[in-house]
Amino acid sequence: MRTSNYLIATQKETPADAEVVSHQLMLRAGLIRKLAAGLYTWLPLGLRVLRKVERIVRQEMDRTGAQEVSMPVVQPAELWEESGRWEQYGPELLRIQDRHQRDFCLGPTHEEVITALVRDEIKSYKQLPVNLYQIQTKVRDEIRPRFGIMRSREFLMKDAYSFHVDQASLEETYQCMFDAYSAIFSRLDLEFRPVIADTGSIGGSGSHEFHVLAESGEDAIAFSDGSDYAANVEMAEALAPTEPRPAPGAQMQRVATPGVTSIDALAEFLSIEPRQSLKTLVVNGDEGGSLVALVLRGDHQLNNIKAEKLPGVAAPLQMADEGKVRSACGAGFGSLGPVGLAIPVYVDRAAAQLADFACGGNEDGWHLTGVNWDRDCPPGETADLREVVAGDPSPDGSGRLQIKRGIEVGHIFQLGTKYSAAMGAQVLDENGKNITVTMGCYGIGVSRIVAAAIEQNHDERGIAWPQAMAPFQLAIVPLNMQKSEAVAACAEELYGKLLDAGVDVLLDDRNERPGVKFADMELIGIPHRIVIGDRALAENNIEYKGRRDEDSQLVPRDDILDFLLSRLG
RNA sequence: CGGUGUGUAGCGCAGCCUGGUAGCGCACUUCCUUCGGGAGGAAGGGGUCGGAGGUUCAAAUCCUCUCACACCGACCA
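With positions in the first sequence counted from 1, the corresponding number in the numbering used here is that position plus 11.
If you're looking for bench data, these hints aren't it; they were derived computationally from the structure.
All figures in this text were calculated on a predicted structure; none of them were measured in a lab.
A virtual CB, placed ideally from N, CA and C, is assigned to each residue, including glycine.
Some hints could be false.
Within a straight-line C-alpha distance of at most 20 Å, the following computed SDA-like cross-link-like pairs (lysine to any residue) qualify [stated by the list, open to error]:
{"#": "1", "residue 1": "134", "residue 2": "556"}
{"#": "2", "residue 1": "23", "residue 2": "533"}
{"#": "3", "residue 1": "45", "residue 2": "134"}
{"#": "4", "residue 1": "320", "residue 2": "250"}
{"#": "5", "residue 1": "415", "residue 2": "428"}
{"#": "6", "residue 1": "320", "residue 2": "281"}
{"#": "7", "residue 1": "320", "residue 2": "341"}
{"#": "8", "residue 1": "134", "residue 2": "427"}
{"#": "9", "residue 1": "429", "residue 2": "23"}
{"#": "10", "residue 1": "45", "residue 2": "165"}
{"#": "11", "residue 1": "137", "residue 2": "428"}
{"#": "12", "residue 1": "134", "residue 2": "437"}
{"#": "13", "residue 1": "429", "residue 2": "250"}
{"#": "14", "residue 1": "335", "residue 2": "298"}
Computed beta-carbon distance windows for the label pairs [claimed, not checked]:
{"#": "15", "residue 1": "329", "residue 2": "266", "range": "47 to 55 Å"}
{"#": "16", "residue 1": "27", "residue 2": "526", "range": "24 to 32 Å"}
{"#": "17", "residue 1": "402", "residue 2": "193", "range": "41 to 49 Å"}
{"#": "18", "residue 1": "407", "residue 2": "525", "range": "20 to 28 Å"}
{"#": "19", "residue 1": "402", "residue 2": "329", "range": "24 to 32 Å"}
Build the full structure now, drawing on both the sequences and the hints.
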């Protein structure tokens, strides 16, 4: 490709509304342009990157024996009503009507469509297992699109769905997908980790997320420093303290605390550490109007996922209305505590371990100090409620947890029969009896990978693509090409030979000054660059520089082709 | 959805407080010079100032409504 007739839409200035590096660089390097909130046009250069990622994903999926299909983006409401998700999915499901006022949605995912397909097409256990996938635009009307392509309302996703006669077959394919995902992210040269993930309302054991590690990641991941345990923090169990609870050492006292409604304020008021106090959160119960109290140590944070799985607690988790709390507990937020509380109480394991603690007095403006479980109030039911923190013991018993941030780029999931049962996807088994098929689903955020790769691979001059996803592998930068016949001839000759060798090469034949060309090629992130100029050419040399190299090196003109081909692999 | 903030040329911004017919840098077009790290000069093109309504002789500027976008929050006891 020649830059003279290629859309190089680079910008010197960073658009004001781009927050994270990948978003800024994607705009500056001319990979994408915003159309509306969370909606982006892919420019030629960006699309090349996207296609390269897509190609690797497709190759690895095909290698596992999965078969590619293509399903409609527009899906009829009836299918979603069958699965129950027309009601359940919420406003993220972008709903539309056709000219006959029939309801449709734009697919955020394709479980319904694929299950309907398999229900109609697959009748015998002999046809299973089967794994079908597509690489297609998904639509989710996100509450808050963010970070450019990272959380957008339209995005490119690889989604695969497997169908099985039993759990054992599902687990086999699941492992196969796990391995394929690892191969994909390795080929893309990304630093990633598979982590144990939440299975949501579906339950079951099998779900992993694949995270690319990056500071700007929206998810927190907990790792053990003593084993290969890794989990999304929302899933990481906070183990019960091993030491027994200390014996009570203080008397319970009622203390006036006017205006003190937060743990920090309480700790300061009483001159204690937050970890010596309790916070009491009230959430909606699963029966109309019921409330449940959740008690945590003052310095700990509630884990919503853990909380909403507790019996009696409404899912999704919802904080109770303050008015209802006041009438049920006698005080508003900020003055609540477990002593004398008339609603069901769950106590976090760490909170249950405290003695002589401070907590709200269930009376506005009053707290209690020197409180002890059993003696002063019933210990309620103990549960794991809190978010793990760095330094906690690893749930697998070896090592301590570290917390890092990650960008979720893949998710694999053992679905079981949630959709097949709801939609009646059955096959005949070897005894001629109908059985409901067991399903797995496997997603990769193809467009998100592009942003994640930039988060991991950039410097002050721009993007530094991993080789496998660079829009072009090599840039040829001829200097003063319009005047110097020697430079032009050499550049054209090399360009032709590299094209013949199958290299993705970009010839910068614009009539621009050298600085402009260098800056553009670096911003765009092309991994390899050669410069052809009269000066070096007079010595029969050509200059080479890798995108991450400090300095350039001279290579004899006769050797340059071999030199480059060996570098490019 | 709540809070905060921003909408003026493709991008980045000034002008608004104190109303008087719109400006700067980059980018773009033409010409000359320059040509190894985002060149210099000259001459140009491009904006109904997000939209609607109001006040006024006069509105980018003041008032009302509205739309869009961004960031923060939705973990608070």
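The hints, checked one at a time:
1. Annotation: proposed proximity of residue 134 to residue 556 is violated, straight-line Cα distance about 59 Å (limit 20 Å).
2. A distance of roughly 12 Å separates the Cα atoms of residue 23 and residue 533; the hinted pair therefore holds under the 20 Å criterion.
3. The hinted pair formed by residue 45 and residue 134 fails the criterion: a straight-line CA distance of about 46 Å is larger than 20 Å.
4. At roughly 17 Å between alpha-carbon atoms, residue 320 and residue 250 fall within 20 Å of each other, so this suggested pair holds.
5. Taken as a hint, the residue 415 and residue 428 pair is broken in the structure, with Cα atoms around 34 Å apart against an allowance of 20 Å.
6. Annotation: proposed proximity of residue 320 to residue 281 is violated, straight-line Cα distance about 34 Å (limit 20 Å).
7. The hinted pair formed by residue 320 and residue 341 fails the criterion: a straight-line CA distance of about 27 Å is larger than 20 Å.
8. Between residue 134 and residue 427 the CA atoms are separated by roughly 18 Å; this keeps the pair inside 20 Å, and the hint holds.
9. Distance restraint check for residue 429 and residue 23: the Cα-Cα separation of roughly 51 Å exceeds the 20 Å cut-off, and the hinted pair is therefore not satisfied.
10. With a CA separation close to 12 Å, the supplied pair residue 45 and residue 165 stays within the 20 Å bound.
11. Pair hint residue 137 plus residue 428 holds up; C-alpha atoms about 19 Å apart against a cutoff of 20 Å.
12. Annotation: proposed proximity of residue 134 to residue 437 holds, straight-line Cα distance about 7 Å (limit 20 Å).
13. The hinted pair formed by residue 429 and residue 250 fails the criterion: a straight-line CA distance of about 31 Å is larger than 20 Å.
14. Restraint check for residue 335 and residue 298: satisfied, since their Cα atoms lie roughly 14 Å apart, inside the 20 Å limit.
15. Here the CB-CB span from residue 329 to residue 266 is close to 31 Å, at odds with the stated 47 to 55 Å.
16. A beta carbon spacing of about 25 Å between residue 27 and residue 526 agrees with the range 24 to 32 Å that was offered as a hint.
17. The beta-carbon spacing between residue 402 and residue 193, approximately 29 Å, falls outside the hinted interval of 41 to 49 Å.
18. Judged by the Cβ atoms, the range 20 to 28 Å given for residue 407 and residue 525 is violated: they are separated by roughly 56 Å.
19. For residue 402 and residue 329, the Cβ-Cβ distance of about 31 Å falls inside the hinted range of 24 to 32 Å, so the restraint holds.
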